[in-house]
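Enquirer: So the chains spell out like this:
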Amino acid sequence: MINNILAVFHKEFIDNLRDRRSLVTVLLTSLFMPLFVVGMVIVMGQLLNPDIIEKPIQLAVTGKENAPQLVEFLEQNGVVVLPAPADPQSEIQNGRQDVILVIPGSYAEEFTQGAPASIRLILDSSRMSASPNISRVKRLLGAYSQQVSATRLMARGINPAITDPVLIIDQDISTPQSQSLLFLNMLPYFVIMVIFMGGMYVVIDATAGERERGSLEPLLINPVRRSEFVLGKLSASLPYAVAILIVCLVTIGLAFNLIPLEQFTGFPMSVSLTSLWVIFWICLPMVFLAGGLQMILASFTRSFKEAQTYLSFLPLVAGLPSAFLIFLPVKASAVLMLIPAFGQGLLINQVMRAETIDPSHVLISIATTLVLSVVTIGLSIKLYEREELLFGKR
Amino acid sequence: MIEVNNLHRSFGKVAALQGVSFSAGNGQITGVLGPNGAGKTTTLRILYTLLRPDQGSASVDGYDTCKNALEVQRRIGALPDSHGLYPRLTARENIRYYGWLHGLRGKGLENRIEDLIHVLDMKEIADRRTEGFSTGERMKVAIGRALVHSPNNVLLDEPTNGLDVISTRAMRSFIQRLRDEGKCVIFSSHIMQEVSALCDQIVVIAQGRVATSGTPEQIQRMTGCDSLEEAFITVIGSEEGLEK
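Top to bottom, those sequences are chains A and B.
Take the first sequence: its position 93, counting from 1, is numbered 93 in our numbering, and each next residue is one higher.
Take the second sequence: its position 182, counting from 1, is numbered 182 in our numbering, and each next residue is one higher.
Extracted from the complex, chain A is given alone in its bound form (with noise of 0.2 Å):
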């Protein structure tokens, strides 16, 4: 038993080092995810970084000779006073402007009055890179009324503070580590996906490959049980993806520790060697499942091409939830655990956020996982002992 196993094994693993092209495919994936993370990074800590609102903000300013007071105010507050654009929506469509300020020529007369005002900003809100000079401008312009209605109630002697009824705080408890995982959340998706592609050339071609080079009828007739077949060939292709697995933390780590990212994002950034030492382990019953899947799903495919396209899905099904966790953040919870893929994404957010683990829900996800490795093992193994498997038919 053990022994045709590791004969499977040995002779799969060997023959699928020498595939050269399919190893350097899957390695350049492994270091590509981790490198786009830090490259979105870099770019959006670019785009959101707090450090912009202490420079100043160029603001075109349409009919700014109807209220001199209050570009006065804006310049005193750091803005600098553009002249105004001869065509304002355009310049703010193309993303020339942010932000442009439109002061019509009832200003002034609805000032003295002591009407309400109207002054227009001109905004594309969909411009996420804008939004923060937006709502600079937005705060300064609030500011700006505030001071004036104070000075008017003063002026009345009245107490300004009557309107303000409450007065909302904001305590802020994000810390920038927190801030920047905005980004991070993108990695459990990632590192679920280089967990199927690390296994996913072995597989296809101890299977499929098998049927295609017409190597599976002579193989079958060997003394040797379904069963040791498909665990000799599901073996072989652990290796791989605990490796990949590896490259892939290891890149994670060494770029989070080694690219200066707070200089682009502001906030100090890192991955320790003991929150990577955790998510692989959290990690590693994924890969089990993984190949489990892999293999049920081969067992049904004719040729190389097929089995690729269905099996370059199932990381896509299985890292969807985990993708959903780049907009949605969901709170971990022991029900949550037992959704294999998800409960590992929410872990290993949990561990990028540094925060307390409840060691309840790792076992709960690593028993899962490994449940239902088992149950898709043995469920390929049933596949492997039919007649079919020797024509590929469904």
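Keep in mind that a hint or two might mislead.
[Stated by the list, open to error] Footprint (simulated), chain A over chain B, 3 or more residues, beta carbon under 8 Å:
1) 79-92
2) 186-198
[To be verified] Derived contacts from chain B toward chain A, CB cut-off under 7 Å, selection only:
3) Cys66
4) Lys67
5) Leu70
6) Gln73
7) Tyr97
8) Leu101
Simulated from the structure, these hints should not be mistaken for lab results.
Every residue, glycine too, gets a C-beta built ideally from N, C-alpha and C.
Chain B: place on chain A using the hints.
Expert: Chain B in isolation, oriented as in the chain A frame:
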């Protein structure tokens, strides 16, 4: 020793076998002759345990192919219809893998592989990766790995398909050599001349049934024909399978 008893097998609505029986003794070459689609490959696949018969049974050295599949697999060496190799492994490694799967290891296995390389005249190609091998070279490796465990029963499904004249001759003398070693050899072909030149016993299969069987002379006598060629046409009812 191989016995086949009243095999029936259908694939969907197609009845591939409708009662095939014959027996093949040790030290004999039994030719299974029939036109394409007659049921030769299905019969052989049942013998090497890859298919189960709907009805009837087959046994190798007394072991039933369904109930004792592993015992049967240990006792046969088969060259099936498709016999692809592993292109990234050398010829020697391809043969060694099958040796491992038969539980062979170490010096005994290496000596056996060396013998096969010598007998099959493949010294020059033994340590080359099989990618790019010619049909004849592939066939040698496929035969070598099928016989690595020195099986008593050898099943060859159209082994001369696609071979040139020289390789075909080498293959024939190799099959005769196996017979002389006392093995039970079953050899399928759709080419009558080949079967009549080589076989001690012929089983003619047509449309999933045994049309006739016996030695070449017996078949000729039974059909009352002057030549085996005519007898063959009489038996299967068409000229399919004759080399012109």
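Enquirer: State for each hint whether it applies.
Expert: The hints, checked one at a time:
no., hint, result
1, 79-92, "holds (count 11)"
2, 186-198, "violated (count 0)"
3, Cys66, "violated (12 Å)"
4, Lys67, "violated (15 Å)"
5, Leu70, "holds (5 Å)"
6, Gln73, "holds (4 Å)"
7, Tyr97, "holds (5 Å)"
8, Leu101, "holds (4 Å)"
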